[in-house]
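If you read the sequences in order, they're chains C and Y. For what it's worth, the numbering used here labels the leading residue of the first sequence as 1, then goes sequentially. For what it's worth, the numbering used here labels the leading residue of the second sequence as 422, then goes sequentially.
Derived by calculation from the structure, the hints in this document are not laboratory data.
Simulated restraints, written as ranges between beta carbons of each label pair: (1) C:I271 to Y:N561: 53 to 59 Å; (2) Y:D593 to C:P19: 33 to 39 Å; (3) Y:P426 to C:Q357: 18 to 24 Å; (4) Y:P578 to C:N322: 54 to 60 Å; (5) Y:T476 to C:I271: 51 to 57 Å; (6) Y:D595 to C:T391: 17 to 23 Å; (7) C:P333 to Y:S460: 34 to 40 Å; (8) C:G358 to Y:T476: 42 to 48 Å; (9) C:S400 to Y:S460: 45 to 51 Å; (10) C:G358 to Y:T424: 19 to 25 Å.
In silico lysine to any residue, SDA-like type, Cα no more than 25 Å apart, as pairs: (11) C:K372 to Y:K647; (12) C:K354 to Y:I423; (13) C:K64 to C:P201.
This structure is a prediction, so every number in the text was calculated from the model and none was measured. Think of the CB as a built atom: it goes at the ideal place given N, C-alpha and C, for glycine as much as any other residue.
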Amino acid sequence: MSVNLNCSLSDRNLDISQPSSQRQLAIRVSASTNADSSGAPLNLCLVLDHSGSMGGKPLDTVKKAARELVDQMYYTDRISVVGFDHKASVVVESQTLDRPESVKDKIQSLRATGGTCIDDGIKLALQEISKGKEGAVSQGFVLTDGENEHGDNARCLQFAQLAVEYNMTLHTLGFGDHWNQDILEKIADAGGGTMTYIQSPEQAGEEFRNLLRRVQSVGLTNAYLLLELPANVRLAELKPVAQVAPDAIELTMQNEGNLIAIRLGDLMTDIDRVIIVNLYINHAAVVNQSGSIPVVTAQVRFDNPVMAKSGILSTPVVVEANLVQNFQAQIDPQVQNHILALAKYRQTQLAENKLKQGDRIGAATMLQSAAKTALQMGDEKAATVLQTNATRLQSGTELSEADRKQTRIVSKTVLQAPSNS
Amino acid sequence: MITCPSCSHQNPDGATHCEACYTPLPVITMIDCPSCGASVQSDASFCGHCGFDLTAKTTAAIIQPQQEVSEPLPSPIQVPEPVSAAEPDPFQPVEITPDDLTEIITMPVSTAPTAAASPSSNPKTQLQRITASLLHVQTNVTLELPNNLQVTHLGKPNNLIPPDIDVSGFPDSDIVSRVHADIRFEGDAFYFEDTGSSNGTYINNVPLPAGNRHRLRPGDRISLGKGDKVSFIFQMTE
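Extracted from the complex, chain C is given alone in its bound form (with noise of 0.2 Å):
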């Protein structure tokens, strides 16, 4: 299994007669798949909720969407089951998924009890999958539908933190309208995985077969993107690398020598990850003439599960851009499409940003052209979204809980119409 790695910039041309030019570069990484390898086993464990505030027909579907998650796993997978309320406990010891009735058993056997703290039951998680992380793809599910009352959030975080250096993934379900989407997203983002919104119990089940299918698309895990900068090429100053699908993540990077290592985590044979990195490129120093000059050297390394090997490097690829005479934009229409992404998420979260300082109409200013853009960039549903939150806010009235998650993810994921996920 190797990777795929693509690169284009927004605008390939650069002006000559223009001392300097930003341009952002998209980059797709994903794991190809040869007809030979098959996937490592899944090293799955569900941290579930079972607080006082689940009782009902919420624990109900999702002790039976847990149900069903464990029968469409292979019998090479391994399972664990934490739950947790005030305290955790496991469940299920990581096992593989030899006896599934069992399991399935003793998922039915939580009781709705106590209140919520999330970080005991990461860690306890991070214990069972570290059971079995050897030649696997360790994920845990993390579902809630409630704040962090009994823990403490920075706690969650380092957990999280903890769990990408043991490269395992961790991904967050808010259940409900009344768990914190600060919190969770920081979770996911942390841990390298995804976040999702189940509003209604019914959704429960259709939520956890997709980000089932997410996890057994992994193929390749652990890997970093490398790039080496010419000297008339720097970064932005502000947040230069964020990616944009599946879902809109700030990345974080870090120097290694000349190279800059940006984490990616899992990579899915399926879905690309796409990264975009915003470049200022000075050219007045370079040459005087038309021609083509290096931008970037992209990389990347990575773990393979099957083959237990880690710290893989592909081949490297040069990304090189042209300095033209009579320069005419050419923008690169894909690219745009991802910076748009990019910028949904952005004013977003500005107009988030806007809202806690108790700036209402500057943040329906900002939704306004989050929606804009969302429409520009074709996601009619995130513009009807927040549209309709920047009209609300306008008129005076306040966010619901289920308002402002719908906006997080909107503004996170381009939402896919439920008949082709």
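Mind docking chain Y on chain C? Use the hints.
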């Protein structure tokens, strides 16, 4: 430094998309005004500092009005001097004695009739009051400010405060509020004030917050509403 119009993030020069919110940034290149050397936007028609017409090619022809504009209000003492210096001959028969001159200096009111009586070819000097005008950039139409008014209302016809300067005839005037702004004449200066318009006012491309006053200088670019669609250049004549 380019400030993002959407989120106010300060972007480095050369940025085309805001680093914070990826809003496309206005591409601004600055050029030096050929007349006064101030840096102005390359797409501007007039220099915001000296009022130099950047669309005109020749510098020489324009320098003269620029001097006129920058010249302070002519004091009564100065009036006779250029006249007598420029045309000494017609004055000789009149025989202005030093006493007469001191009389003129001590009694400024009598200056205007004296100047009018002299066969001067420059009748403009007798005007004591500055008149101002607004040049509409998009159509090149000049609107005189009514010079008997302390406050000139800008806007479109309405029942509350009828505009003294009605912009409803100009293209894109739909972005201008009916009660948009006032120009006040106080002392010897004009002040611009946005009276709570919906789309705001931009002076030299900088937003003017409602309630703030801006002292107008010749050459100031006043844009009513966003997008620089209804814009005026403020001009002063003596």
